[in-house]
Amino acid sequence: MSSSASTSGPVISSGLTPPPTTHRKRSFKRLAEPYFYLSPALMLLALVMILPLVVGLSYAYQNIELLNPFDRGWVGFKHFIALESDRVFWLALKNTFVWTFGSLGLQFIFGLGLALLLNQAFYGRKLIQALVLLPWAVPTFLSGLNWAWLFNPVISPIPHWLAALGILNEPYNILADPELAIIGPIVANVWFGIPFFAITLMAGLQSIPKDLYEAAVIDGATLWQQFTRITLPLLAPIIAITLLLRTVWIANFADLIVVMTNGGPANSSQTIASYIFSTAYKKLDFGYASAVATVLLLLLIIYAALLFGMRKKLLENSGN
Amino acid sequence: MSAVTLNNFSKSYGKMSVLSGIDLTINSGEFIALVGPSGCGKSTLLRMIAGLEEITGGNIEIGDRTVTDLAPKDRNIAMVFQSYALYPHLSVRSNMGFSLKLRKVATEKITSAINSASTMLGLDQLLERLPKALSGGQRQRVAMGRAIVRRPDVFLFDEPLSNLDAKLRVQMRSEIKSLHQDIKTTSIYVTHDQIEAMTMADRIVVMNKGNIEQAGAPLDIYDRPESKFVAGFIGSPAMNFFTAEYKPNGSDGFININDECTIPLPKLRTLQQGTVECGIRPEHLSLSKEKKTGHSIKVTVDVVEPTGLATIVYLSFGDQKICFYTSDRPDIGPGDTVYLQLSENKLHLFDVNTGKRLN
Amino acid sequence: MTAYTINRRLWSTGRYLALSLYVLFALFPLFWLFRVSISPTKLLYTEGTSLWPSMVTIENYLIVLQDTSFPTYFLNSVTVSLGTALCTTLIASAAGYAFSRFKFKGKAIIAFLLLLTQMFPLVMVIAPIYRLMQPLGLTDSLTGLIVVYTAFNTPFATFLMQSFFDAVPKDLEDAAMIDGCTRFQALIRIVLPLTLPGMMATLGFIFTAAWSELLFALMLINSESQVTFPVGLLNFISKFSVDWGQMMAAGFLALIPACIFFALIQKYLVTGMTAGAVKG
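The listed protein sequences derive, respectively, from chains A, B and C. Residues 1 to 320, numbered by our numbering, are exactly what the first sequence covers, in order. Residues 321 to 679, numbered by our numbering, are exactly what the second sequence covers, in order. Residues 680 to 959, numbered by our numbering, are exactly what the third sequence covers, in order.
No lab work stands behind these hints: they were computed from the structure. You may find that some hints are simply not true.
Here are the simulated PhoX-like pairs of lysine-lysine, each with C-alpha atoms no more than 25 Å apart in a straight line [claimed, not checked]:
(1) A/LYS126 x C/LYS946
(2) C/LYS849 x B/LYS452
(3) C/LYS849 x A/LYS29
(4) B/LYS335 x A/LYS29
(5) B/LYS335 x C/LYS782
(6) A/LYS29 x C/LYS782
(7) C/LYS946 x A/LYS210
(8) C/LYS784 x A/LYS29
Okay, the calculated bits of chain A under chain C, using three or more residues with CB under 8 Å as the criterion [claimed, not checked]:
(9) 37-44
(10) 148-155
(11) 251-263
Glycine included, every Cβ here is placed at the ideal spot set by N, Cα and C.
Starting from the given sequences, assemble the full structure and let the hints guide the process.
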């Protein structure tokens, strides 16, 4: 026998003890190779995202106003103390909640509805799908402008229709109404965001095995029961992750508000994200803008931590 | 043609050891099958021979070269994958010629090498097609062709037939075997299918948990398994196992099954007396309706499975189960009580703790 | 008819009704954009709310194309978006390949960091980026925009490319390496040709993302000659009182490249959105 089981005592093979080979040279190449492919991406991110982030965090404790170049220097917590008495900041904080959860809730409900409608075979499905998903491809600034125009009674029928339905007492531009202005960007955001939810949830729906529904039908489940007992539970993981990520994304998303209302009238539709932008862009007050940004970052971290905590609790309770 | 020698070949991921100190010599021109259950390390071993998997310890020689630190491309080997791994964007011809082209072989030589391989495998009509336009069996042949064109020192096969349907698998099995008989290149063939291993290989290496359990000619392994693991793994239907008491009797010994049957045996080398694991293959049993003189066991028929070619009968006595295989068509049914005879010279005895062969 | 079949008909009618509402909601804004862009200015106020004007004109488009700087803006946007798409796809392909094919130290941490960059408010770095890029001469330059956009889009594109590389069986690379390739040759000769459609899709995703970006362009660009389309359109609105027809004609023109790329990536929408559930 030219081989011997390694467990059965001394080995008789080639009769030579193999020389201690060094794999160092090849090993080093193997170890270094992935970093070689990663390095351009990592370097770029370090320079254009991480470094500015760190620098930005330090701005929050300095006076940096481009319009006031002689008043520079470290100011400690001055900006944060100023925040407390900043009426616009607190208004923007409130608006951020309305904006984020208003948009998110509507996007999700309509997106889920659309996904369910599109998830069955019917005549003309491909065409309808392409049409209803089109808003997603429209550049965000254009979505914003488009909807800003649509709320203008001079050139759009929508305010007139709303008045005819009795929703508005006369056809006027709700973007100019401090009470209602925030609704404008929310509508535009919902219009723009439904396709995203629809597609993500459709991918989730398609991963649910068809035979589960067939078994449920044979067991006598109604459509509603199929939805609540099969669809929702199996879709829950993808719903959870999508909602989490979208919340953060929408909270950070300032374009629509900047384009449609610029935070106005009189800051009534300002969110934290748009407030950061206008403080940096219009007032060129980078220090204060960074302080506001620090608060937003903290809020998002707390939000994520809370959600992860809740998830852990849920998992513990369900015994997994 | 080259021999392959593995010295103290081992692989571990961190602290987890996958292969521990494998020593194996594969002779020049030999067809060797590595078998074992999934996770036994056979595929890892093959991929280490190919150079696709880093070697943690030991070394490997192909022919007179030590290739331990060489890249796969420098080992002069060819491999047939389970998934075939045909390049989807290249035609059959380009797939087969790819390696020669990389080696900058002259175009005419490549063409003639492809043509002779494709004739051998019956691929002449398919050379310009893309892999997606081929059937499973044809893809398998192209994968073989790609390996042959190379004229490598060693062929490596990684479960090449397991994606084919049963009928095609049997056909390709014999094709690969006759191919090897023609070109006689050293071949290492990984499979979990012990029938493939038995039918194709000159020598079988049975692996379990990262170790070689036994290596030897197919029939040697079948007739004289060195451990309970090998005994149970090789053979279908699988060998029957039941426990019995072994006692010495003068210069000989005997075993006692279920207090009703005693079988005399030559003395065991390593065991004085005690419980042993008995193994006997289903075809080494016989059944009778009446109790015959000598050593029979009273058993109950559970299930009868006629396959046409043969009949498989599942029996039980006490809480032990036994499978019986015969090319006859016995006239029995479930619930019947019958008597089972064992051919005593076909009995395998194993240690209950280590599983090592005792007789 | 049984109650069962009636029920089924009701469902089917209901579905078409609901879908029509969705289609209406999705298309009406775009339709209206088009409707105003082809209305003669003099009819705008008299027929402001009728669904189709009594007269149609392409005059607005001609003015936009001939008498304004929009062609320059358009060209600037194409330059920036194409540049960004090319750079990002190149860099992200390399990184995605590393993620797909290697096990290495710090992989989980790097992936987590990439994900994190998608979570933090980009407006946060708007001020520091301005200050850091000014001394380098990268403010008020299209190159600067390309650098910034490339960085922002790289994490998403990396995850996207990783999923495309994951779809190429590892066996193919192994086979190529046995056939005589180095790993790099296997990447170039075997893996890349197979991921080409995926790279095109990534190109499309990043192009549309760069085409839409507004805030950083607003902040970083000052001179008229470097203005991108979104900024140009926004300036147009604030500077010139209100020439609705021309604005909407310009807006409609901005839709064109986005729609072309949308068509290009239709097949990959699901992959793209699930790979970057964080990205619009």
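Next item on the list: Check each numbered hint from earlier against the structure, then list the numbers of those it violates in ascending order.
Entry: none
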